Amino acid sequence: MIASRAKVGIVAGAMILFGLALTAYKVVRLDLPLWPGESREVWTIETKISFKPSDGPVDVELRLPRGLGGWVTLEEHFASSGFGFSVVEEQGGKVARWSRQSLEHPTTLYYKQQAYRARRDSLPAFPVSEVEAPLLEADQQAAMERLVADLRDRSSGPATFAALLVQELARAEPGQDAEFLLGTYRDTALRVVLDVLAYAGIPAHSVRGIQLQDGRRRQTLSELLEIHDGSGWQLLDPVTGASGLPDNFFVWHRGDGAALRVMGGRDSRLEFALVRNSLSAKTVVSMEQRSDDFALLDFSIYALPVEQQGIFKGILLLPVAAFVVVVMRILVGIKTSGTFMPILIALAFLQTTLLVGLAIFLTLVSVGLWIRSWLSHLNLLLVARVSAVVIVVILLMAVLALISYKLGLDQALTVTFFPTIILAWTIERMSILWEEEGGREVMVQGGGSLLVAVMAYLIMSVGVVEHLTFNFPELLVSLLGVILLIGKYTGYRLSELYRFRDMANMK
Amino acid sequence: MIRLVAPSTLRRLGILGMNSRNIAYIGANNPRRNYQLVDNKLLTKKAALERGIVVPELYGVIDYQFQIDHMLEQLQGRDAFVIKPVQGSGGKGILVIVSRDGDHFVKSSGGVIDYRDLRRHTSNILAGLHSLGGRNDFAMIEALIDFNPALAEYSYEGVPDIRVIVFRGVPVMAMMRCATHASDGKANLHQGAVGVGIDIGNGHSIAAVQHGSLVTHHPDTGACFKSLRLPDWEAILDLAASCAEMTGLGYLGADIVLDRQRGPMLLELNARPGLAIQVANQEGLIHRLKVAEEIANTAPDHNARIRIARERFHRPQPVFPEAGSAPASGAA
Chain A
1 MIASRAKVGI VAGAMILFGL ALTAYKVVRL DLPLWPGESR EVWTIETKIS FKPSDGPVDV
61 ELRLPRGLGG WVTLEEHFAS SGFGFSVVEE QGGKVARWSR QSLEHPTTLY YKQQAYRARR
121 DSLPAFPVSE VEAPLLEADQ QAAMERLVAD LRDRSSGPAT FAALLVQELA RAEPGQDAEF
181 LLGTYRDTAL RVVLDVLAYA GIPAHSVRGI QLQDGRRRQT LSELLEIHDG SGWQLLDPVT
241 GASGLPDNFF VWHRGDGAAL RVMGGRDSRL EFALVRNSLS AKTVVSMEQR SDDFALLDFS
301 IYALPVEQQG IFKGILLLPV AAFVVVVMRI LVGIKTSGTF MPILIALAFL QTTLLVGLAI
361 FLTLVSVGLW IRSWLSHLNL LLVARVSAVV IVVILLMAVL ALISYKLGLD QALTVTFFPT
421 IILAWTIERM SILWEEEGGR EVMVQGGGSL LVAVMAYLIM SVGVVEHLTF NFPELLVSLL
481 GVILLIGKYT GYRLSELYRF RDMANMK
Chain B
1 MIRLVAPSTL RRLGILGMNS RNIAYIGANN PRRNYQLVDN KLLTKKAALE RGIVVPELYG
61 VIDYQFQIDH MLEQLQGRDA FVIKPVQGSG GKGILVIVSR DGDHFVKSSG GVIDYRDLRR
121 HTSNILAGLH SLGGRNDFAM IEALIDFNPA LAEYSYEGVP DIRVIVFRGV PVMAMMRCAT
181 HASDGKANLH QGAVGVGIDI GNGHSIAAVQ HGSLVTHHPD TGACFKSLRL PDWEAILDLA
241 ASCAEMTGLG YLGADIVLDR QRGPMLLELN ARPGLAIQVA NQEGLIHRLK VAEEIANTAP
301 DHNARIRIAR ERFHRPQPVF PEAGSAPASG AA
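Taken in order, these protein sequences are the chains called A and B. Quick note on numbering: our numbering labels position 71 of the first sequence as 71, and the sequence is numbered without any gaps. Quick note on numbering: our numbering labels position 129 of the second sequence as 129, and the sequence is numbered without any gaps.
Keep in mind the hints are simulated off the structure, nothing from the lab. Note that the coordinates shown come from a computational prediction; the quantities given were computed from them, not determined experimentally. Fair warning: there could be bad hints in the mix.
[Said to hold, decoys possible] Not close to chain B: a few residues of chain A, all C-beta gaps over 12 Å, as computed: (1) ALA21; (2) LEU64; (3) PHE83; (4) LYS94; (5) SER366; (6) LEU382; (7) TYR405; (8) LEU479; (9) PHE500.
[What the hints assert, rightly or not] To be clear about the criterion: a stretch of chain A counts as covered by chain B if any three or more of its residues have a C-beta under 8 Å from a C-beta of chain B, and this derived list gives those stretches: (10) 432-442; (11) 483-494.
Think of the CB as a built atom: it goes at the ideal place given N, C-alpha and C, for glycine as much as any other residue.
When you get a sec, could you build the whole thing from the sequences and use the hints?
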């Protein structure tokens, strides 16, 4: 036993040292920041073009973003196996072109770039072109005529005209003319807006770009509206009517024309996967200077495709939660219902935020317990009963989501992040525990699980922890070492100091 | 402020903690492959019978759902029986029927259930609700213990059982667990059963504890624990030590009941016996375990181990509270 203790000590010590040493190396030599504070937000944007080939040669053209609004591209990378590939300078910006004589299978092409917003610039000047009146049917023309006249009466200039127009079309019950136009266009409201503006003689175009959301995997291009108010260009959100360039909007392409053209293919899709990382300002600067030969990021999770990076961001937090469970159970001695159930609850809390998550969890479990007590009269077989509880939990989630949505409480919609099956088992176990050992034990174990879940959540949601686990995954080796050491801990648990408190008086 | 005791005090008293029990005693002395014999009560019973250890009579085993009705028919002639999961843990899922009135069965707690409840309970057992790890299980039906009337006054609505911790074949510590009204007829100390520490030397009571506090009298029956003298003590220790030899487990808890006619009888074995026995005895296990190791290394045989243990672990001074203090009143 002594030997095994020493062995574990040596292995654990080696692991802890290895993790710390590698971290130190990365901090000192590679300049990765240890703290997330002094950093730039670098977005990795992975563009995915997928399509099904039809007969004949395939030609794919993707307009590349130009770095508008202060965005700087640090690194870009194209994946084009089997395709002829070139980037050509065209009027209005760079275009990536993939071509191939023939193709048999549905194909996906990738373009990955890393970019950060160096300055909060507004968009640069853009030539104002002659406004061409749209081609319309007679009845559309009449409707447009009335709509333009009405809006002109209510507006003071092109900017307010456009804002009013957007509002008019976004209303739940738009006016007759607006409704007619929306109905006959069979297209997005933005097309109608552009045509109405053209009809009114206001220069306008759409601005395509990406809504940046960390961890999004199948983001598509969204559009903003840009109009010329006589003195300069103004940006407008075509849905909300808000003006200006939103902070989380990465401008891809400004003006008319498609961002993606696929010839010799059909069902083409343009999707983006997004991940946000914090890199130190220093690193970002040096990346900018030698963006081609910078090998730093090949050394870490950053080398993975963006989708996997996003997943790993979450997975790398799990060991921290497991560590919390180890500490709470072995060193503190808290009883939980199910060893790792608290981790799953904590993961759900990460999505829902703490208070909402707690409220949802308690509601689901208590209503579930109440329904389960009714099920117990039915004398069902266990597996069927748990399955019934699963379905009840799902229905409860749906009801909760619906009610809260109707009440305008959007947060409760995150109820879907709770692990259904785990909840059902928790309810089943607690219900049996209640029957066999009484409500007190249910409170002890349920409360213990929640306490551990909340602690795991609090630790996982600390920015530094996410930063460290993602940028220095080798620290997990150190954590593993610490867990091995705790696994050999034979001392008392904190709870035992309470449990045996009266023993001190004996003898 | 929650009152805690210093770890150094516990160490001085030799209190065994959960982590230490798991690593130093269970992990180091109980080979994994031998667990099956303990966790599976049918295997325990079979092995015990082969060694001539007395166990409660087995009425039958239910392996599959469809056998439930058939089995219950076979119980027609029996008024009292116990249904338990073969691989249950911690006394979970044990249903004790003490008498019946036609289609109604009276539980040990006095509650009345019918065939439907009985069937539901059995099918829950088969589905593994009470079992270690929740795997599918079997239900076994065995005879109700006709327990020794000398002990009847010490237990309320349940069978008092005797837990003996055996370390490497040496009986180390013992307690009797007495069900109370608060514990709902169950012998679990954390549910409010009274734990009575028993002197390994002579089977006399040392201390009695309910909810962690010393008591002198049973809260429901009013029986005084000071005068508790377990009959057949030699046989109880012999049985417990034999179980250790039978299972090959170095650290073992044997649960024993005293039957009116058949004497000490093995109820079940436990490869992970709890720590509450230390509270019931008002003494830590670690010092005794060290002594037991010595005994195991020197004593030549089974009988010698028990004899030396009885000498070494004898406690001349019981630790009951001062005379005159009122008996603790449970929820009557």
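Taking the hints in turn, this is what the structure says about them:
1. Every Cβ of chain B is farther than 12 Å from the Cβ of ALA21(A); the closest lies at roughly 29 Å, confirming the non-interface assignment.
2. The non-interface label for LEU64(A) is consistent with chain B: the shortest C-beta to C-beta separation is roughly 56 Å, beyond 12 Å.
3. No Cβ of chain B approaches the Cβ of PHE83(A) within 12 Å, the least distance being about 53 Å, so the stated non-interface status holds.
4. Here LYS94(A) stays apart from chain B, with its beta-carbon at least about 60 Å from theirs, past the 12 Å limit.
5. With a least beta-carbon separation of about 21 Å from chain B, SER366(A) lies farther than 12 Å from that chain, consistent with its non-interface assignment.
6. Non-interface status of LEU382(A) relative to chain B is broken: a Cβ of that chain comes within 12 Å, the nearest being about 3 Å off.
7. Residue-level check passed: TYR405(A) sits 36 Å from the nearest beta carbon of chain B, beyond 12 Å.
8. At the 12 Å boundary, the C-beta of LEU479(A) stays outside the reach of chain B, the nearest C-beta of that chain being 19 Å off.
9. At roughly 5 Å from the closest C-beta of chain B, the C-beta of PHE500(A) falls inside 12 Å, breaking its exclusion from the interface.
10. By the rule of at least three residues with a Cβ nearer than 8 Å to a Cβ of chain B, the coverage given for the region 432-442 of chain A holds, with 4 such residues.
11. Remark: the region 483-494 of chain A is confirmed as covered by chain B, as 7 of its residues place a Cβ nearer than 8 Å to a Cβ of that chain, reaching the required three.
Taken one by one, the earlier hints fail for this structure at numbers 6 and 9, listed in ascending order.
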